[in-house]
Amino acid sequence: MGSRSPGDGISVSAALDETALLFDTAFLRKLERLEVLAGKLFRGLIRGEHVTPRRGHGLEFADFRRYRPGDDLRYIDWNIFARLDQLFVKLYASDEDLTLHVLLDASASMNFGTPRKFDYARRLAAALAYIGLSNLDRVGLAVFSETLDATLPPLKTRHQITALLDFLSVQPAGGRTDLTRALQAFASRNPNRGLVVVISDLLGGDGAQSGLDALRYSGHDLMVVQLLAEQEIAPPLDGALNLVDAEDGSVLKVTVDATLRELYQQRLDGVLADMEQYCRRAGCEYLRASTAVPFEDVVLKYLRQGRFWR
Amino acid sequence: MIQFAQPWALLALLSVPAIVLLHSLKPRRREVVLSSTALWREALRDRQRGFGLQKLLKDLSLLLLLLFALLLSLGLADPRWVTPAAEGSDAVLVLDVSASTQARAGGTFSRSRFSALKREAAGIIDALAEDSRLLIMTSGRTPRLHTGFETDREHLHRQLAALQPTDEAGRPRAALELALSLIRGRARARVHFISDGAFDQDIDFATPQIDYRLLGSGGHNVAITRFDFRPEVGSGDRFQALLTVHNYTQQPFTVPATVTLSHTRLLEQTLALAPGEKKTVILPLQGVAAGWAQASIDVDDDLSVDNQAYAVIGTDERLDVLLYSPGNYYLESVLGAMPGVNVTRQTTFRLDEYRRQAPGYDIVVFDRITPPPLDAGRFLLIDTVAPGLPFHIDGSVLRPTISGQGASALIRPVDLGDVSIDRARRVVLEDRPPGLQRLFWSSETELALALLAQDTRLVFIGFDLMDSSFPLKTAFPLFVSESLAWLRPRETRHAPTQSPAGEPVTISLPADQLDLTVRTPSGEGLIYTVEQGRVTVDATSQAGVYRYERALTQRYFAVNLTDEAESDIRPRARIPSAHPASAAEADADQAAVALWPLMLWLALGVLLLEWGLWCWRPGRA
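Taken in sequence, the protein lines are chains A and B. Here the numbering used here is used: the first residue of the first sequence is 2, the next is one more, and so on. Here the numbering used here is used: the first residue of the second sequence is -12, the next is one more, and so on.
Incorrect hints may appear among the rest.
As the list claims (entries may be wrong) - Sample of chain A residues at the chain B side, in silico, Cβ under 8 Å: (1) Asp202; (2) Ala241; (3) Leu244.
To be verified - Take a look, some chain B residues computed to stay more than 12 Å from chain A by CB distance: (4) Arg17; (5) Leu21; (6) Asp307.
Calculated from the structure, these hints are not laboratory results. Ideal placement from N, C-alpha and C gives every residue a C-beta, glycine not left out.
Hey, can you work out the whole structure from these sequences and the hints?
Structure below.
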């Protein structure tokens, strides 16, 4: 694969020589390869002509859906109400540009795993952002832990990828996770609807779903990437241990045996299944990723299977 | 009630707190940082929902381990279930009557050890329950039963009172084995062994059914441990007397020792003995000696029975010869000159008298007097033949010349070269039985024969000694001596001359003797019935010289203690303090059942259960 992008001939590798070790040359080559592959997937599309699942208030009618509290009463279809005695609102295809928001969990729990989940997540975020920019979308970045730690306003062009990578490179991981607070804060600060990709391990507490709900209720289309380290999926623990929580420092004295490992596995499966079920119910995209799988494979799989990026 | 034979083994119970301590030890924990412990906390909560069973199993495992350690410790301590055998239990009372129990009491006893032992035994009889039975036996060189299993207290007391100490060396092991065999199969039966403890520790004190009561203490003794006569090798009339004196005390002793033989003093010597020293005196003697000898030491010690010892010499070499002869100077001279030969001459033959007298003699000689048909016995026939022999006389031969001499050991050393015979009987051999030997002969007739039949030995000389030069030749006494030696084989020794006290003595007697009276050293006469020519004298528990008559002759045999171990009267046997029936705690008649096999099986069962639990434990990796 060459070092130039197929689009405008700008060499990403050359432009990013000074970026941190996280985004080394090999990584940048992978981005270029992803760009080519993504380009094939977006072939024939032009800016502003995305058929996004997001429904808005344009001129072209798209669909109906049940009325939810808070919907604009002007879009209620009274004819249907007269016939069915049920409230439905009319949806119209949006003709707005798509804004891609990548929200990256930077809590202390993301420091775990080999490779670190945070590194993996940053690469994943960079890849998605790069592909988004390549497809003429606007791409914004936000890093959160207990709340929004840092944000990068939406970028418009691929030339700004350097700033994006720089932003990602300098972000530290630490602190506790408060998804509700962080995601609600993001929703309140970004009223413009868009596609929000949340990359997190979702292990930081019970507020994941309420936080995601806040994004959903703000009109964002939502995609959840639950990233787990291989050591979390199949923990290689045994014997008498002091388990230290990376976020709050609490210590759990435990003797790990096959029974406890099995119970942990059941609990983890339950948490993952709950999140998957929630996403399915809420109309979100859900992708479970392991750090053992190369991030580019995740991206491509996502691009091929996800309904937002077809 | 449970008693422990090995209570020191209860120290193994210290393993119980050790197990608890080990069980309560916390493993050193490794610290692991995780992204979140929330899921682990929930998993732990899930596990703790089933923790009741887990905890129970863990605790049960600890309990089983503790139970195993407890059972093993108890088993090692050899627990016994001891029940008072007050009702219906049998007991055997074994009373030590060995010589050491005669010892003068040292400190604790007023008279002798034996009186204290009897008092203890009487106490056991008194403590017997109503329906309990007791058998009394004594332990000397051999065990002796004095009663059966009796419930009659009065009878038992009478039997006990009649018991006296013997001069025998003790063999308690044999007595205890016999006693245990008498109560075999009766779990509650017991053996009470009452002794002064002056024996070597060769018995198993751990035997639970035996209640040992060892009551001896102190005791100092100087003893004759050997007294014997022995011939000097290669010498007919020289012999040695051996006397060994042992000082068992821890102080030096000066002991006057004397040896007398038939009231003649052979030795009078003072022996200086260091503590524990054993000294042997060898006394060379010369001459023909016969009779009994006594050795004595004059010492004031606790045991007197071993201050004397006895020995019998010469009497067994005595040969009683009954001679029927009208008169034969040469023959009588030769017989009279032979040591130990006692000749009784009869000039006339009367059958009834012969039948009465002959069985008491070793050899009967018929010289020119016709004998009756001969039964079993030893005979020398000179110039006469008895009816029923495989040869007879048919006329005579004048001046026969000795032309041949047999190879028999009887005639081999005899030189007959210059013997001349004026007239000899013509002997006709009717057949040649296997036991007939030709001794010497002429060309005309047999001159001397020897016959060995089943119960008969016979030497025949076929000519009158007075009609020959044979009595004048040196060959004659040699021939007579060899003939007597051949006629009297070794097995004609009538009895041993020395015997340990308590050891039965067997005496051979003429076949027609019906009974035998044996005088003990105390003068008591014991009458024994003769069976098959033998008498076994079993009442030899008293040391001294025993007398009896055989063939109208006084005979002796000596009985001595002379036992190194028995003369050491210091109590040596020690009951282990843990013995369940040691004297201190054996006041009651009790029966003990060993419980250690039960403990062992229970411990194994618990171990198997623990192993099964470990295998079955849910979640075992």
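Hint check:
The restraint placing Asp202(A) at the interface with chain B holds, with a minimum CB-CB distance near 6 Å, inside the 8 Å limit. For Ala241(A), the interface hint holds, the least distance from its beta-carbon to any beta-carbon of chain B being 4 Å, beneath 8 Å. Here the hint on Leu244(A) is kept, as its CB sits about 5 Å from the closest CB of chain B, short of 8 Å. Interface exclusion of Arg17(B) from chain A breaks down, the closest Cβ pair being 5 Å apart, not more than 12 Å.
Non-interface status of Leu21(B) relative to chain A is broken: a Cβ of that chain comes within 12 Å, the nearest being about 5 Å off. For Asp307(B), the non-interface assignment is confirmed: its Cβ lies about 103 Å from the closest Cβ of chain A, beyond the 12 Å cut-off.
Of the numbered hints stated above, those contradicted by the structure are hints 4 and 5, listed in ascending order.
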